[in-house]
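Enquirer: Heads up: the sequence lines are chains L and G, in that order. Mapping of the first sequence onto the numbering used here: residues 1 to 326, in sequence order. Mapping of the second sequence onto the numbering used here: residues 1 to 288, in sequence order.
Simulated from the structure, these hints should not be mistaken for lab results. Remember, it's a predicted structure, so these values are computed and weren't measured experimentally. It cannot be assumed that every hint is accurate.
Here are the simulated lysine-lysine pairs, DSS-like style, with alpha carbons at most 27 Å apart [to be verified]:
{"hint": "1", "chain 1": "L", "residue 1": "Lys181", "chain 2": "G", "residue 2": "Lys80"}
{"hint": "2", "chain 1": "L", "residue 1": "Lys36", "chain 2": "L", "residue 2": "Lys241"}
{"hint": "3", "chain 1": "G", "residue 1": "Lys179", "chain 2": "L", "residue 2": "Lys58"}
{"hint": "4", "chain 1": "L", "residue 1": "Lys222", "chain 2": "L", "residue 2": "Lys179"}
{"hint": "5", "chain 1": "L", "residue 1": "Lys222", "chain 2": "L", "residue 2": "Lys197"}
{"hint": "6", "chain 1": "G", "residue 1": "Lys80", "chain 2": "L", "residue 2": "Lys323"}
{"hint": "7", "chain 1": "L", "residue 1": "Lys137", "chain 2": "L", "residue 2": "Lys10"}
{"hint": "8", "chain 1": "L", "residue 1": "Lys241", "chain 2": "L", "residue 2": "Lys222"}
{"hint": "9", "chain 1": "L", "residue 1": "Lys40", "chain 2": "L", "residue 2": "Lys65"}
A partial selection of chain L residues facing chain G, derived with a Cβ cut-off under 10 Å [as the list claims (entries may be wrong)]:
{"hint": "10", "residue": "Leu78"}
{"hint": "11", "residue": "Thr81"}
{"hint": "12", "residue": "Ala85"}
{"hint": "13", "residue": "Ala310"}
By construction, the Cβ of each residue, glycine as well, lies at the ideal position given by its N, Cα and C atoms.
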Amino acid sequence: MNALVAAAKKEGTLNVIALPPTWANYGAILSAFTAKYGIKINSANPTGTSQQEVDAVKTENGTAKAPDVLDIGMAVALANTNLFAPYEVSTWSSIPTAQKAPNGIWVQDYGGYMAVGYSSKFGTITSLNQLLGPQFKNAVALNGNPTSANAGLNGVMMANLAEGGTADNIADGVSFFSKLKAAGNFSPISATGATIKAGTTPVVFNWDYLNLPSYVGVSNWKVFIPSNVALGGYYAQAINKNAPDPAAARLWEEFLYSQAASGGQNLWLEGGARPVEQAAMQSNGSINTAAASKLPAVTVTPTFLSPTQATDAANYLAANWAKAIG
Amino acid sequence: MAVAATTETGARPSWSGRRPSAPAWAGTVPFFAYVGVFLLWPTGIVVVDALKNPNGSWAFSNISELGDPLVRGYFIGSFKLCLLSSVSGAVFGAILAYAVASGNPDGMVRRLYLAISGVLAQFGGVTLAFAFLVLLGPVGLLFHASWYFDFPWGIGLIYTYFQIPLMVLVFLPAIDGLKVQWREASENLGASAWQYWRYVGGPLLAPAFLGTTLLLFANALSAFATIEAWENQIAYIVPQQISTALSSEVGLSNVNVADLLALGMVIMVAIVMTGYALLQRRAARWLR
């Protein structure tokens, strides 16, 4: 570890990409890393998508500004493993087996459950079918087009599971949104902090850590997770195999997976995201319990889409989504 | 002088004031280099990659994707939106340009109109879409237009916001070119206002009008940020689907499909340009 710190300090810089400062507490995580190790971080394209991260690895390959580390969705991670270097962090054993590649070519880092965030002017929502009511005219929005954005696809999948569909077939979710559209309640705008603040998207399907009042910046904002559905989604870390700062990249991973009070895992938790080592940290007592208790409670066994299920859902959406809400 | 000296001595004097002449085409090098690097080369890449599969080998069968009903829908959507916004922009812009032209050429109003048009013709993207959303959207400050999210009407209205000023800017010089003497001459010969526009003013302006309408069409065809901020749950037009094909993070991204769609847009512009050339030839026939 000391040798790694020395080598990383010698490199002096770390290139990260597509890390919005307001997302999962990344602003604090980036500055904590720099404060701790004195390594300068170049943060490129903070609002980029996972695919754009991978594109940057390819187009900037061999230059000093190529991304060292990536934080990407699972579909993109699995499709691009030839670009990554395997690495096992020192807390490797705390990460559930299903959430890491056996050789460490990718490792899930943090995630959450699909949730419905809504303005408290609607009272309390306890079921998705309430959203079909007349008071929700033009109110219900997704975070991105489901054929393009992972959060959008999972929003439809959450409705699908709540409506009795299975993870293998997203059709019930699409028909739920079709009903929303027919009721005049579906908003075709992608929800962002700006649209929520302006009041144009008062109901949003999104990951719970992006749907907290602290994240959206609106105080009268509530979060609801259907009692029968916990659809989980985790992002993954990967190291560029041609990273211009290989030691800093590995030190960054050690920092992100550190269970220290001011380490990456607890910092993510403070940002409302569920760190991948959460269960292990709960048993060894290193977790920030105050932050953990703020997360929306989930009682049922979480569902995670397998790569095949995610691909099937995407293909179904490509053919049917526009028709359903057109 | 130099020429005379040359003929006297039979030798070309090295002190001649005239530099050895470069080939005539040398002056065009910067232009063609620029066009080559920024237009022909990228177009070539698009064409080549559109006919390959993700592994990099040739796949001419890709071209049949353009006949897919979904893909055809994006092109029809693009065509509808471009037609609606270019024709309405051209008609209203031409009327406005005529109104401006018939005023005092050095007047305050004209300068104001031109300055405002110059600014508004560049207004687009997220700011424009958000402005309309706040005014006419679901919780609109003015009122809620129930057709706000209808394609192409809602987005067509938003596009006219930059199309009309662009029309004014580009079309005004053509109207200024109409000499007042022509009008007087036709009135002296007993022509009515309708006859003047039908036989003199209209034919004179037709080529410029069509040309500018085409410019507006192309302007709308390539616009992306505005419609993406207007709504992004359905890909109505080709650039939106290109975006999905480039950046889908749920596994639907395919650069070659994006290239193919871009190639389709190139073909679409080529068709419109050909139609324009034929119309222009007909419209300008009597000018020759």
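Enquirer: Hints first: check each against the structure and report whether it holds.
Expert: Verification of the hints:
{"no.": "1", "hint": "L/Lys181 <-> G/Lys80", "verdict": "holds, 23 Å"}
{"no.": "2", "hint": "L/Lys36 <-> L/Lys241", "verdict": "holds, 25 Å"}
{"no.": "3", "hint": "G/Lys179 <-> L/Lys58", "verdict": "violated, 60 Å"}
{"no.": "4", "hint": "L/Lys222 <-> L/Lys179", "verdict": "holds, 23 Å"}
{"no.": "5", "hint": "L/Lys222 <-> L/Lys197", "verdict": "holds, 14 Å"}
{"no.": "6", "hint": "G/Lys80 <-> L/Lys323", "verdict": "holds, 18 Å"}
{"no.": "7", "hint": "L/Lys137 <-> L/Lys10", "verdict": "violated, 57 Å"}
{"no.": "8", "hint": "L/Lys241 <-> L/Lys222", "verdict": "violated, 42 Å"}
{"no.": "9", "hint": "L/Lys40 <-> L/Lys65", "verdict": "holds, 13 Å"}
{"no.": "10", "hint": "Leu78", "verdict": "holds, 9 Å"}
{"no.": "11", "hint": "Thr81", "verdict": "violated, 14 Å"}
{"no.": "12", "hint": "Ala85", "verdict": "violated, 22 Å"}
{"no.": "13", "hint": "Ala310", "verdict": "holds, 7 Å"}
When each numbered hint is compared with the structure, violations occur for hints 3, 7, 8, 11 and 12.
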